[in-house]
Structures are given as C-alpha cells and as structure tokens.
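Each chain, letter by letter, is given below.
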Amino acid sequence: MRIIKRLKGQNGFSLMELLISLTILSLVAMFLLPSLTFGYLQLHEAGNQSQAYASVQTNVEQELAKPSVPTSNAITIQFGGQTISVKGSIIEKEEEYGTRGSKAKVKIFIPGR
Amino acid sequence: MKNNNRGVTLVELAISLTLIGIVLAIGINLFFFGEKLFSSSNNAYQLQSPIRLTESFISSDVRNATSITIVTVPITPEPGFNYIYLKDSKISHYSNGTTSDKTEAIMVDQNIFKIKKDSNGRNFLSVSLKGSVGGETYEINTDILLNNIVNQGEAEGKAVKYKKP
Numbered sequence: 000m001r002i003i004k005r006l007k008g009q010n011g012f013s014l015m016e017l018l019i020s021l022t023i024l025s026l027v028a029m030f031l032l033p034s035l036t037f038g039y040l041q042l043h044e045a046g047n048q049s050q051a052y053a054s055v056q057t058n059v060e061q062e063l064a065k066p067s068v069p070t071s072n073a074i075t076i077q078f079g080g081q082t083i084s085v086k087g088s089i090i091e092k093e094e095e096y097g098t099r100g101s102k103a104k105v106k107i108f109i110p111g112r
Numbered sequence: 000m001k002n003n004n005r006g007v008t009l010v011e012l013a014i015s016l017t018l019i020g021i022v023l024a025i026g027i028n029l030f031f032f033g034e035k036l037f038s039s040s041n042n043a044y045q046l047q048s049p050i051r052l053t054e055s056f057i058s059s060d061v062r063n064a065t066s067i068t069i070v071t072v073p074i075t076p077e078p079g080f081n082y083i084y085l086k087d088s089k090i091s092h093y094s095n096g097t098t099s100d101k102t103e104a105i106m107v108d109q110n111i112f113k114i115k116k117d118s119n120g121r122n123f124l125s126v127s128l129k130g131s132v133g134g135e136t137y138e139i140n141t142d143i144l145l146n147n148i149v150n151q152g153e154a155e156g157k158a159v160k161y162k163k164p
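As they're listed, the protein sequences go chains Z and G.
According to numbering that gives the first Met the number 0, the first sequence is numbered sequentially starting from 0.
According to numbering that gives the first Met the number 0, the second sequence is numbered sequentially starting from 0.
Derived by calculation from the structure, the hints in this document are not laboratory data.
Note that the structure is predicted; figures quoted are calculated from it, not measured.
Hints should not be assumed to be uniformly reliable.
Think about it this way: if two alpha-carbon atoms lie no more than 25 Å apart in a straight line, the pair counts; the simulated DSS-like pairs of lysine-lysine are [what the hints assert, rightly or not]:
(1) Z/92 with G/116
(2) G/115 with Z/65
(3) Z/65 with G/116
(4) Z/65 with Z/106
(5) G/35 with G/86
(6) G/116 with G/157
(7) G/129 with Z/65
(8) Z/102 with G/116
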C-alpha cells in the first residue's frame with residue numbers, strides 16, 4: 000500500500016530524459032570501444048615489427064658479407080681511466096613499419112672495415 | 000486502489016520496447032565484436048609466436064654451419080648431420096636421433112629454404128616462413144649469412160641438412 004502510494008506521486012522518466020541517458024550510454028560505449036581493439040592492434044603492430052626486424056636482418060647480413068676493406072675509421076671507448084680505440088665502422092640499418100611510422104633499427108659495429 | 004493506476008499507453012509501451020531493443024542490439028553487437036576480436040587475437044598470437052621463435056632458432060643454428068645442402072622431404076637422417084624441415088604443415092628439427100617440432104601444424108606448404116649466392120660468392124640461406132590459422136596469415140622472410148660457406152650453388156626446397164662446427 001505504502002509503495003503504491005509512493006509510486007503514485009512519481010511521474011517516471013520523460014522521453015527526453017531517456018534519450019539523453021541513451022546518448023550518454025552510447026558515448027561511454029564509444030569511448031570504451033578502443034580499449035577492446037587495443038590488444039588486437041598491438042598484436043598486429045608487434046607482428047609488423049618482427050617482419051621489419053627480419054627484413055633489417057637481411058640488410059645487415061648483406062652488409063656483413065661485403066669484402067673487408069681496410070679503414071682508418073675508429074671508434075673510441077672510454078673504459079675507466081683508459082681510452083680504447085678500435086678500427087672499424089658503425090653501420091645502421093632501419094625500416095619503417097606499421098601505421099604510426101615506428102622504425103625497426105639495428106646498429107652494428109664491423110671491426111677493421 | 001486499482002482505479003488510481005492508469006498503467007501505460009500502447010505508444011509508451013512501444014517506445015520503451017524500441018529503446019530496450021536498441022540498447023540490447025548495441026550490447027549484443029559489442030559482445031560478439033569482443034568475442035570475434037579475442038578469437039582473431041588468439042589466432043594471430045598462435046601464428047606469430049612460433050614463426051618468430053622458429054626464425055630466430057634457424058638464424059642462430061644455421062649461421063655457422065660448416066656444410067649445408069637442400070634435401071627432400073621426408074628426410075633420411077645421416078649421423079652427424081642436423082635437419083630442419085617442413086612436413087605435414089609443421090617445422091621440425093632433427094638432431095642426434097631426436098626430432099622436435101618447432102611449430103604446430105600451421106605452416107603453409109611451400110619451399111621455405113633457398114640457398115643464395117651474391118656476386119662475391121658469399122652464400123646466404125633465405126628463409127620464408129608462412130603460416131595460417133583461422134583466416135589469419137603471417138609471414139616472415141629473412142636472409143642469413145652463412146659464415147663458413149662460399150661459392151655453393153643456388154637451390155631451394157623444404158628441408159636443409161647441415162653440420163655444425
């Protein structure tokens with residue numbers, strides 16, 4: 000009895016209120032959607048990264064296969080109080096992957112070349 | 000008591016049912032979208048992970064081989080030699096009398112190895128691994144410089160026989 004009495008005084012939601020709440024609900028769903036797709040996209044990005052690194056590896060291997068030519072280039076390494084100088088060159092290979100312009104980069108030191 | 004309750008009109012009922020229908024349709028779609036996405040992600044992971052690991056294993060194991068040849072599948076193991084081959088959609092490794100599968104049956108049946116030679120006579124092992132699971136495909140291609148092999152003729156196939164130093 001008491002409940003029915005209380006309900007009598009209430010008008011419920013208007014159509015406008017319902018529409019507004021639905022709009023808010025869909026907005027929240029829209030913002031939550033990217034969190035669902037994030038894992039999948041990251042996985043594909045990781046896959047693209049591996050492909051790019053495999054491709055960079057090919058370029059590095061080709062560089063390593065080139066005949067050795069004596070060089071005067073040297074890199075110096077500070078090791079404690081000592082300075083070590085090693086003849087050789089640093090080769091850098093990179094490849095772009097994915098949609099965000101990320102790069103797979105490999106830097107190697109080839110001694111004596 | 001009954002006289003004071005007016006109930007709802009047919010229009011109100013229709014509108015509320017339509018709204019509930021819309022909300023449910025969105026909810027169900029989201030649920031199935033999430034489920035499909037999870038399934039695709041799972042397939043992609045099951046493809047990428049073994050292919051990446053296998054590529055890495057081949058690179059490190061074959062790089063310093065002292066002899067390498069392309070052979071046919073099924074392999075006929077010879078003592079002292081290691082084999083990596085594609086058979087029944089799986090990549091397997093044979094060494095010292097034991098065979099271990101590097102991937103599940105996900106690989107596409109194709110020539111995965113190619114021995115190449117550059118203009119200086121240096122040999123490379125070109126590896127092309129392609130897999131497919133539930134509509135997802137993934138492929139990794141790379142060349143490995145064979146440190147101890149020179150001037151070997153080009154060849155391609157599904158299996159390599161090699162000797163480690």
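How the hints compare with the structure:
1. Z/92 with G/116: Holds, because 21 Å separates the two Cα atoms, which is no more than 25 Å.
2. G/115 with Z/65: holds (15 Å)
3. Z/65 with G/116: holds (12 Å)
4. Z/65 with Z/106: Between residue 65 of chain Z and residue 106 of chain Z the Cα gap is close to 16 Å, so the pair holds against 25 Å.
5. G/35 with G/86: violated (31 Å)
6. G/116 with G/157: holds (18 Å)
7. G/129 with Z/65: Answer violated: residue 129 of chain G to residue 65 of chain Z is near 29 Å, above 25 Å.
8. Z/102 with G/116: violated (29 Å)
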